[in-house]
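J.: Next come the chains, spelled out residue by residue.
There are 2 protein chains.
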Amino acid sequence: MARVRLYVDHPLAEGQPVPLSREEAHYLFGVMRLGQGAEVAVFNGQDGEWTARVAEAGKRGGSLEPVAQAAPQSLPPDVWLLFAPVKKARTDFIVEKAVEMGVRRLVPVATDFTNSERIRQDRLQAHAKEAAEQCGATFVPEVTELAKLPALLSDWPEERRLMFCDEARAGGAGAFASATGDGPWAILVGPEGGFSEAERSRLDAMPQAHVAALGPRILRADTAAVAALTLWQTRFGDWR
Amino acid sequence: MARVRLYVDHPLAEGQPVPLSREEAHYLFGVMRLGQGAEVAVFNGQDGEWTARVAEAGKRGGSLEPVAQAAPQSLPPDVWLLFAPVKKARTDFIVEKAVEMGVRRLVPVATDFTNSERIRQDRLQAHAKEAAEQCGATFVPEVTELAKLPALLSDWPEERRLMFCDEARAGGAGAFASATGDGPWAILVGPEGGFSEAERSRLDAMPQAHVAALGPRILRADTAAVAALTLWQTRFGDWR
Numbered sequence: 001m002a003r004v005r006l007y008v009d010h011p012l013a014e015g016q017p018v019p020l021s022r023e024e025a026h027y028l029f030g031v032m033r034l035g036q037g038a039e040v041a042v043f044n045g046q047d048g049e050w051t052a053r054v055a056e057a058g059k060r061g062g063s064l065e066p067v068a069q070a071a072p073q074s075l076p077p078d079v080w081l082l083f084a085p086v087k088k089a090r091t092d093f094i095v096e097k098a099v100e101m102g103v104r105r106l107v108p109v110a111t112d113f114t115n116s117e118r119i120r121q122d123r124l125q126a127h128a129k130e131a132a133e134q135c136g137a138t139f140v141p142e143v144t145e146l147a148k149l150p151a152l153l154s155d156w157p158e159e160r161r162l163m164f165c166d167e168a169r170a171g172g173a174g175a176f177a178s179a180t181g182d183g184p185w186a187i188l189v190g191p192e193g194g195f196s197e198a199e200r201s202r203l204d205a206m207p208q209a210h211v212a213a214l215g216p217r218i219l220r221a222d223t224a225a226v227a228a229l230t231l232w233q234t235r236f237g238d239w240r
Numbered sequence: 001m002a003r004v005r006l007y008v009d010h011p012l013a014e015g016q017p018v019p020l021s022r023e024e025a026h027y028l029f030g031v032m033r034l035g036q037g038a039e040v041a042v043f044n045g046q047d048g049e050w051t052a053r054v055a056e057a058g059k060r061g062g063s064l065e066p067v068a069q070a071a072p073q074s075l076p077p078d079v080w081l082l083f084a085p086v087k088k089a090r091t092d093f094i095v096e097k098a099v100e101m102g103v104r105r106l107v108p109v110a111t112d113f114t115n116s117e118r119i120r121q122d123r124l125q126a127h128a129k130e131a132a133e134q135c136g137a138t139f140v141p142e143v144t145e146l147a148k149l150p151a152l153l154s155d156w157p158e159e160r161r162l163m164f165c166d167e168a169r170a171g172g173a174g175a176f177a178s179a180t181g182d183g184p185w186a187i188l189v190g191p192e193g194g195f196s197e198a199e200r201s202r203l204d205a206m207p208q209a210h211v212a213a214l215g216p217r218i219l220r221a222d223t224a225a226v227a228a229l230t231l232w233q234t235r236f237g238d239w240r
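The listed protein sequences correspond, in order, to chains A and B.
The first sequence maps to residues 1 to 240 in UniProt numbering.
The second sequence maps to residues 1 to 240 in UniProt numbering.
Isolated chain A, as found in the complex:
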C-alpha cells in the first residue's frame, strides 16, 4: 500500500508539532487505522513534502511530528484552467484531473451555453486537495468562485496567453500549434455545447488568444480538459 499523504494547513518544520482537526484524526486513525508512531507524508503547499510521525492519536484530534523533509516544494507551471461547470460528477473530475495534470489555478466560468449556474466552491477546493494528496503533488491549486466569461475577459491580464479550445477549429494565424516563447498561460475549455458566436468573436479579437482544436470527435468537457492540458504541458509546461 502507498503511504498515506495528507495536506495540512500548518507550517512544516522539524520539531514543530502539527495539530490535527477532528476530520483529519478520523481519517488517519479511524479510516486508515494508523496508530502512534506511524509514518505519514504531509505537505502544506509551501514547505515541500515531509515525513511525519503520529505523536498523538485521539478520536477527536491528535498531532503529527514532522521528522524530515522528503521532497522540496514544487509548483506546477503557471497555467490556469478555465472550465465551464458541467454535471456535478464531471465537474469534480475536471478538478481532479487538472490537479494531476498540473495547474496553478482553477477558474470555473459561466459561458453562454453553460447549463450549471452554481458551483460549490468549497467542495471543488476539497476535491483539489484530495487530488493533490493522491497524485504526489506538493501544491494545491486554488479553485476560484464562478466567474462570468465576459467579466473575466474584459479584465484579462495582458501578458497571460489563452489557449482557446474550440471544437473543430484547426486554427490558422494565432493558432496554439504555432505559439512559441515563455510566459503565463490559461486554457479555456467550454461546456458540451461549445461557445456562442459572440464568445468566439470576443475571443478571436483578443491578441492573447490562441485557438486549439482537439481532434475530429466531440469530447466531453472532462476529456477535453485532460487533452488540452496534455498538449499544453508537452509544449510549454513541465512535461517537456
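It is worth saying that the hints were derived from the structure and are not from the lab.
Keep in mind it's a predicted model, so treat the numbers as computed, not measured.
Just to be clear, a hint being listed does not mean it is correct.
If several chains are the same, the list does not tell them apart, and a pair holds so long as it fits within one copy or across any two.
Unchecked claim - List of simulated lysine-lysine pairs, DSBU-like, C-alpha gap at most 30 Å:
| # | residue 1 | residue 2 |
| --- | --- | --- |
| 1 | Lys88 | Lys129 |
| 2 | Lys148 | Lys88 |
| 3 | Lys87 | Lys148 |
| 4 | Lys129 | Lys59 |
| 5 | Lys148 | Lys129 |
| 6 | Lys87 | Lys129 |
| 7 | Lys148 | Lys59 |
Chain B: place on chain A using the hints.
T.: Chain B only, in chain A's frame:
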C-alpha cells in the same frame, strides 16, 4: 438540444426499414419522447451516419426509415488501447474516453498489479456504444475479453508498435518521443500501482515497445489513458 444519435445493429440504406428493439423503442419514445416522423441520426459502424425518420413508434418496438446519408463512414486510426481495469466507474470512464479520443479496439489486460480480475465485457461494450453515440463517431470499437498481459505480449503482432506508458521514465533509446513512421500501434496504460519489474523487463526487450512518460505527477489510470491518447493522436493519428 442536439439530435438523438443511435447506434443500430442493422444495415442502413434508403428505403430499408430498421426495426427497433424494445430497449431502443423505450429510449426513443419513452425517454426522449420522440413520435412518428421525428428525425434521428443513426449509424451502424459500417454505413456512415444516416438521417432517419421514425416510421412506427410503439411501446415495445417500432421502426426507423433511413432518409439520406448525412456523413460517410469513418474509422479511427489503427490504435488499440490496452488498459488495466480499475474500479468500476473509472473503468467505464476509460472506455468512454478512449472512444471519444479515437481507438480501433479496447483491450482490458490483467497485469501483476491489477486489482480487479474480472470485467463485464458486455457492460463495457455497451459503454463504448453510448460513447460513440455521444461523441459523433460512426464507429464503435470492439471491447475484448480480459487478457493476461504475458499471453498478449507473447503473441504480439510483429508490425504493431506499442506505446508503453511507464510513469516517470522519460525514455532514451526506443522512446515514444523519437518514434517515427506509419503503421499500427497500441497504447499500454498500467494500473495505479504501475508495472512490476518483470513486466518492465519483458516490455523493454520487445522491439515494438516505445516507452513514454506522462509528466512528473502520478496520474490515475483514466487520466493517463486520455493523456497518452492525446500524445499519440497528435503524433500519429487523426489529430494531426
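J.: Have a look at Lys87 and Lys148 and pick one of within, between, both or neither, based on CA distance no larger than 30 Å.
T.: Classified as within: same-chain Cα gap 18 Å, cross-chain 36 Å, threshold 30 Å.
J.: One pair to classify: Lys148 and Lys59, alpha carbons no more than 30 Å apart. Within, between, both, or neither?
T.: Classified as neither; 43 Å inside a copy, 44 Å across copies.
J.: When Cα atoms must be at most 30 Å apart, do Lys148 and Lys129 count as within-copy, between-copy, both, or neither?
T.: within (24 Å within a copy, 35 Å between copies)
J.: Given identical chains, is Lys87 near Lys129, meaning Cα to Cα at most 30 Å, within a copy, between copies, both, or neither?
T.: Close inside one copy (20 Å) and across copies (21 Å); limit 30 Å.
J.: Give the relationship of Lys148 and Lys88 under a CA distance limit of 30 Å: within one copy only, between copies only, both, or neither.
T.: within (19 Å within a copy, 35 Å between copies)
J.: Is the C-alpha distance from Lys88 to Lys129 at most 30 Å within one copy, between copies, in both cases, or in neither?
T.: both (17 Å within a copy, 23 Å between copies)
J.: Regarding Lys129 and Lys59, is the shortest C-alpha distance of 30 Å or less found within a copy, between copies, in both, or in neither?
T.: Only inside one copy: Lys129 and Lys59 sit 23 Å apart there, 48 Å across copies, limit 30 Å.
The earlier numbered hint that this structure contradicts is number 7, and it is the only one.
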